[in-house]
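Generate coordinates for the entire structure from the input sequences, incorporating the hints supplied.
Protein chains in written order, with this note's numbering: chain A, 2 to 331; chain B, 2 to 495.
To be clear, the hints were calculated from the coordinates, so they are not data collected in a lab. Incorrect hints may appear among the rest.
As the list claims (entries may be wrong) - Keeping only pairs whose Cα atoms sit at most 25 Å apart, straight-line, the calculated BS3-like set for lysine-lysine is:
no. : chain 1 : residue 1 : chain 2 : residue 2
1   : B       : Lys6      : B       : Lys17
2   : A       : Lys233    : B       : Lys303
3   : B       : Lys121    : B       : Lys6
4   : B       : Lys106    : A       : Lys233
5   : B       : Lys79     : B       : Lys121
6   : B       : Lys79     : B       : Lys21
7   : B       : Lys106    : B       : Lys60
8   : B       : Lys134    : B       : Lys25
9   : A       : Lys233    : B       : Lys79
To be verified - From the structure, some residues in chain B lie toward chain A, with a derived Cβ separation under 8 Å:
no. : residue
10  : Ala62
11  : Arg91
12  : Glu96
13  : Thr100
14  : Tyr104
15  : Phe111
16  : Asp118
17  : Ser216
18  : Arg218
19  : Glu219
These numbers were taken from a predicted model, which means no experiment stands behind them. Even for Gly, the Cβ is constructed at its ideal location relative to N, Cα and C.
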Amino acid sequence: MKKEMESEQAVEIRESFASIYNEISKKVVGQEELVRQLFCCLLCEGHALIEGVPGLGKTLLVKSFSEALDLRYSRIQFTPDLMPADIIGTNMVREDETGGRRFEFFKGPIFGQVVLADEINRATPKTQSALLEAMQEKRVTVFGENHILQEPFMVLATQNPIEMEGTYPLPEAQVDRFLFKLIIRYPDHRQLLEILDKSTEAPSNLKPVVSGDLILGFRNMIRQVPVASYLKEYAIRLVEGTHPQGSSSPGMTAEYVRYGASPRGLQTLVMSARAMALLQGRFNVSYEDIRECAIPSLRHRIILNLKGEAEGINTDDIIKNIIGSTPENG
Amino acid sequence: MNQEKAFQNFIQAIQKRQRKEAFKSLALHLLLFLLISILTILVLERWVDTGLRISIQLKIATSLSVLLAILLVAFHWKSPGRFLREMDHRFGFQERLGTSYEYLKKESIFREKLVEDAVKSLRSVNPEDYFPKRSRYWLPGIFLLTVLVFSLLINSRQSADLKNLIGISGLNEKSSRENQQNWSDNPGIRRPQTETGRFRELSESLRDLRESGKSPREVKESIQSFLQSITVQQDQLKRKLREKLKEAGAFQQPEVGKEDDLLQYDDRLQEFIRKLKSSFKGEVPSELSENLEKLADLEDLKDYLDETLQKLDREPPQKEGGDDADNQPRKEDQELAIGQKRDNTDDSSPGGESEQKGEMSIEEKVALKSKGIRSDPGEAEQQPERKQHEDEHVSTLPGQTESEWDSRLPGLTGTPDGEITKLKGKTGDGEWYRSLIRSLVKTDPLSSEEKAYIREYRRDLESVLHREEIPVARREMIKRYFLSIGFSNIDEDN
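Structure representation (structure tokens):
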């Protein structure tokens, strides 16, 4: 009976996404794929790094997303002088009614459920690492006291690909902790027109359509979505294709890649493919799901070598090349 | 649960169908490979002498075909999982079937939904399309290949052996019986087909020669020259063969006979070969076997050309062209002309002189023959030669008159003298055969310098021949040699 209920709940995931997107699209124009990927990230208990030039609506998207999910939203604007305590929170001396003084913990913005870490690369590595620890452990430790973050918890960090001066690019090890790296691209002509209309008219208020509890229920199902063994093999071959020393790696990888994706990359690839299958209304993972998730889940895990950097090679192209040269039936 | 049952039933059905398809595929591939093997043997036979008997070649080819067909079927054999994955790919089921098959034995909260989804997908497709359809070009392709193989088989030098081996000897009863006889007598020796094998090509070449615009006399001369050169070749071959036989110690075998037998054995060739084979206990050395085979071929070639010459002799003379002798009307022609004249004069009075004498024109005879009525039974008895000639004429050109027959022998329109006439021959037969074919080529008229040179050469040769004592057995051969190189023509030119 429980099984039946769970499988019925799986059908709801697709409907939930549809309603979330409908709600978000009241404020955000287009970006369906991006919203799906964000939702996928949330279902997989992951975090996303969003990259895009200023003014493309990153903040608006994240805020709308949290509003539609009925999750607590908080924003941290990263600056070079931002301290870890500004993120996590700090113990402050507080006088009680009896006149006694004691330390009381004041929660920082990390205690939100959807945390927007805006321009994460502008803060110092020390501050960045404080955030990343919270992302990984889902808790913070202040003066030896653990504080659990409320689930569902998700960090959406943004970074600007231009204006690299005065920034602290995230170390590879830290970038690896993001499930997806998403790129926001310029809207097309029709979308621009729509953006113009929506932003200059009376703002519409979003209402929450999916609760945090429902999201937690969805999360439990994701891990049980069936993946056939040959699809797992395919995912492994794709990840192996990112390794420059691999015997099956395509020429482009060997030429331009210094380090390929880690096993964590493989885990996130299969996990996100499972979520993506449910979002498509299927109860099994397909090749298409794996291919769809390959770029956002692997693009930030591939580190180019000097030649690749010098020639301005895009990791997306490398992944596309790997997908193109990896047969389904290995 | 019902959906799971349905899915399992489907898997059983595809396993059953796969076995059936595998048998079909095996049969088709086997047939295809066999046809290709026979085709390869037949084609190779024209250029390469493998030195293997055709039966052995066929056995090897059959074994390889069976092996290859089994390997191919085994290679294409699909497990149910693989088959379902292919179906997923073909119909765009997005791995529903493959995953369902894997998760039939695994615990998952999604198993039921997954199988239900898979069955729903299966029902969306016509069951006839579950299995990939065989290309529609398969059967016509195999049919065309079969036709090609059979046509080559009929023209093959080894066709009798092949036909006997693959059990289609009924195709040409007469030649098949003959060949079967030859085969049983001399299994190591391949005999040419006089009607369906290489001589068919030769007969085509002769027909081309006749239609090339040369006068009957020239045609006869060409054939005679060809015959002479065959005789020379035959003598050379005999000499070579005798040496080889001596080397092999054949004449020391009691069954074979004496050396002289070899030089006079034209009529007893088969007997000689049989003796030779029995003396070597069925295994004639390959070199000897080849030479004997060539010799036998030459004999057949000679017989065939003799027959052709006899036919040409029986044919009516040409009205135009040729020399004076050809322009002289033959007796039959004179009679024919008289008969025609009489027919013309007696048109108004039926039952004239010709009717009284029982003589009829060719046209009347042809007409009667076509109706199955004999013109004059008595005539056949009285004039057997003429009757034979007329029958021959009728059978050559059914339904045609004498004048039409003459028009079939036109002023010669083919290759000019001296130009190489390409005759159809088998390259696999080697130089000896090619040289025979070349002897049919009419050479340029000799220049005066060349004639002088040949005359001088002839004088030298004659002086040598006068000095030397030539064995009786060789005299005929030497004479034929000089005839073949055209010494007599030099005299005529002078």
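For each hint, the structure was consulted:
1. Proximity of lysine 6 of chain B to lysine 17 of chain B is assessed by CA-CA distance (about 17 Å); at most 25 Å being required, the pair is judged to hold.
2. A threshold of 25 Å between alpha carbons decides the hint, and for lysine 233 of chain A with lysine 303 of chain B the separation of about 78 Å lies outside it, so the pair is violated.
3. For the given pair, lysine 121 of chain B sits about 13 Å from lysine 6 of chain B by alpha-carbon distance, which is consistent with the 25 Å threshold.
4. At roughly 18 Å between alpha-carbon atoms, lysine 106 of chain B and lysine 233 of chain A fall within 25 Å of each other, so this suggested pair holds.
5. Between lysine 79 of chain B and lysine 121 of chain B the alpha-carbon distance is near 23 Å, which keeps this suggested pair within the 25 Å criterion.
6. Note on lysine 79 of chain B and lysine 21 of chain B: the hinted pairing holds, with a Cα-Cα distance of about 13 Å set against a maximum of 25 Å.
7. Distance hint between lysine 106 of chain B and lysine 60 of chain B is unfulfilled; the C-alpha atoms sit about 48 Å from each other, more than 25 Å.
8. For the hint pairing lysine 134 of chain B with lysine 25 of chain B, the CA-to-CA distance comes to about 13 Å; that is within 25 Å, so the pair holds.
9. The straight-line distance between the Cα atoms of lysine 233 of chain A and lysine 79 of chain B is roughly 21 Å, inside the 25 Å bound, and the hint therefore holds.
10. Of the supplied interface hints, the one on alanine 62 of chain B is violated, with its beta-carbon coming no nearer than about 34 Å to a beta-carbon of chain A, more than 8 Å.
11. With a least beta-carbon distance of about 13 Å to chain A, the hint placing arginine 91 of chain B at the interface is violated under the 8 Å criterion.
12. Taking 8 Å as the C-beta contact cut-off toward chain A, the hint placing glutamate 96 of chain B at the interface holds, the least distance being around 4 Å.
13. Given hint, threonine 100 of chain B at the interface with chain A, holds; its Cβ is 4 Å from that chain's nearest Cβ, closer than 8 Å.
14. Restraint check, tyrosine 104 of chain B versus chain A: the minimum CB separation of about 5 Å is within 8 Å; hint holds.
15. Because the beta carbon of phenylalanine 111 of chain B sits about 4 Å from the nearest beta carbon in chain A, less than 8 Å, this interface hint is met.
16. Contact between aspartate 118 of chain B and chain A, as hinted, is supported at the beta carbon level, the nearest pair being about 6 Å apart and thus within 8 Å.
17. A hinted interface residue such as serine 216 of chain B counts as satisfied when its beta carbon comes closer than 8 Å to some beta carbon of chain A; here the least separation is about 74 Å, so the hint is violated.
18. Because the beta carbon of arginine 218 of chain B sits about 76 Å from the nearest beta carbon in chain A, more than 8 Å, this interface hint is broken.
19. Interface hint status for glutamate 219 of chain B: violated, as the beta-carbon distance to the closest one in chain A is roughly 71 Å, over 8 Å.
When held up to the earlier numbered hints, the structure conflicts with 2, 7, 10, 11, 17, 18 and 19 and fits the remainder.
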